[in-house]
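Colleague: Each chain, letter by letter, is given below.
There are 2 protein chains.
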Amino acid sequence: MPVCDNAATVVSGFNNVPPPVRGVVRDLRIRWALEEIGRDYRMELFDAMTPRSDEYREWQPFAQVPAFDDGEIRMFESGAILLYLGEQDPRLLPIASATRWQAITWLFAGMNSVEPHVLQINAIDIFHVGEEWAAQARPGAVKLAEKKLAVVEKALADRDWLAGPFTIADILMVTVLRCLDHTDMIAAFPALAAYKARAEARPAFRRALTEQLEAYSAPAGE
Amino acid sequence: MPVCDNAATVVSGFNNVPPPVRGVVRDLRIRWALEEIGRDYRMELFDAMTPRSDEYREWQPFAQVPAFDDGEIRMFESGAILLYLGEQDPRLLPIASATRWQAITWLFAGMNSVEPHVLQINAIDIFHVGEEWAAQARPGAVKLAEKKLAVVEKALADRDWLAGPFTIADILMVTVLRCLDHTDMIAAFPALAAYKARAEARPAFRRALTEQLEAYSAPAGE
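As you go down the protein sequences, you meet chains D and R in turn.
Those letters in the first sequence? Residues -5 to 216, per my numbering, in order.
Those letters in the second sequence? Residues -5 to 216, per my numbering, in order.
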């Protein structure tokens, strides 16, 4: 098991989160990337329902997870950490320039052109459920998100992964798509649904998800 | 003037956008970066109010701007393009590892932890103005955006720029902050307001903004 008590690579995550967000918290992205390259790592777990300490905010100023520390670099933002790991291993980010930049382009597209619209639906359905404005805003938010999903669907028509080979862009995009698992939106896009299933069948993903979900049953502090 | 008819570097932008978004469309980020390093470039301008062609969607599948082509790499997503340019010039992204990854961390923080919350306010104030849900959603959206701005304010307490020296992270963050110019939100954060003013006073920024605004009075296709 790559999660290892004395590993040099440390990632922050939660040991307790509300049920609707289990399996989508963003430390999953980093766990998955590390599992893909078989690198040992150690999780530093916090209770999501308790405010983070000032010390943690020195590491992750937005007080979110994941934050990352490998003894060389201390950083935060899952997209930045994926890029950092990608630069260390061509199984996550190819060295060839055209493929590399296509992967990085899609990494940013996932973070900035797709995720905000997906998270808007999540916010409406989970965090603002029952509020009158949320119900009114939902149809427009769904329509906008579907426009973005249609672009990714089209991009996947002629390839298995966004940049050709599997890369950090796929880790990002698939973990974004998973935030719609409480809806039937993905099913309307066959290439996207197949892509998501293909990614979720990867052994590294399965291991990462299992570890993340198991952490939620651990006593605080472990 | 670095905008040059036969330049090898091509960036897409608009020659016509609605008044509320003038000065904030994202090609400004790439214009600004190119002005900082004095590289010649050519703009390929489209009418924002006319649907983009299928040919353009081959270049930028989300049909937005900017897209980028330097004869070597064809890509889209302003964050990815900033990173690409940063890797070519240490005035945009230092080579030293700790500073480099701090800049990249803040680049992603700007795109993913700050921008979505700022654009939510923009969407409420500009695109959904007059809709009942927008008025109801606004106080919560402002509160959330202010929480994110407070983090950036704190990060800027002891430095002029997010990663120490001026980098692509600042180009990103400042162009995000500018989307709140129709509000008085930034004024409540003195370090943030000073940071934004410091960035907007840079000659490269002034040139980029002037060029972008001038393009909106150009006849279509130029």
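None of these hints come from the bench; they were simulated from the model.
Warning: the hint list may mix true and false statements.
You can't tell identical chains apart in this list, so a pair holds if it fits in one copy or across any two.
Said to hold, decoys possible - Heads up, simulated SDA-like pairs for lysine to any residue below, C-alpha to C-alpha not over 20 Å straight-line:
#1 Lys137 - Gln114
#2 Lys142 - Leu113
#3 Lys142 - Pro12
#4 Lys137 - Ala1
#5 Lys141 - Pro45
#6 Lys142 - Phe56
#7 Lys137 - Arg16
Colleague: Run every hint past the structure and note whether it holds.
Modeller: How the hints compare with the structure:
In this assembly of identical chains, the alpha carbons of Lys137 and Gln114 lie at most 20 Å apart whether taken from the same copy (12 Å) or from different copies (16 Å). In this assembly of identical chains, Lys142 and Leu113 lie within 20 Å of each other by CA distance both inside one copy and across copies; the values are 13 Å within and 16 Å between. In this assembly of identical chains, Lys142 and Pro12 lie within 20 Å of each other by CA distance neither inside one copy nor across copies; the values are 28 Å within and 22 Å between. For the identical chains of this complex, Lys137 and Ala1 are neighbours neither inside a copy (45 Å) nor across copies (39 Å), given an alpha-carbon limit of 20 Å.
Proximity of Lys141 and Pro45 under a CA criterion of 20 Å is satisfied inter-copy only: 14 Å between copies versus 36 Å inside one chain copy. In this assembly of identical chains, Lys142 and Phe56 lie within 20 Å of each other by CA distance solely across copies; the values are 7 Å between and 27 Å within a copy. With identical chains, the CA atoms of Lys137 and Arg16 are never at most 20 Å apart, being 26 Å at best within one copy and 25 Å at best between copies.
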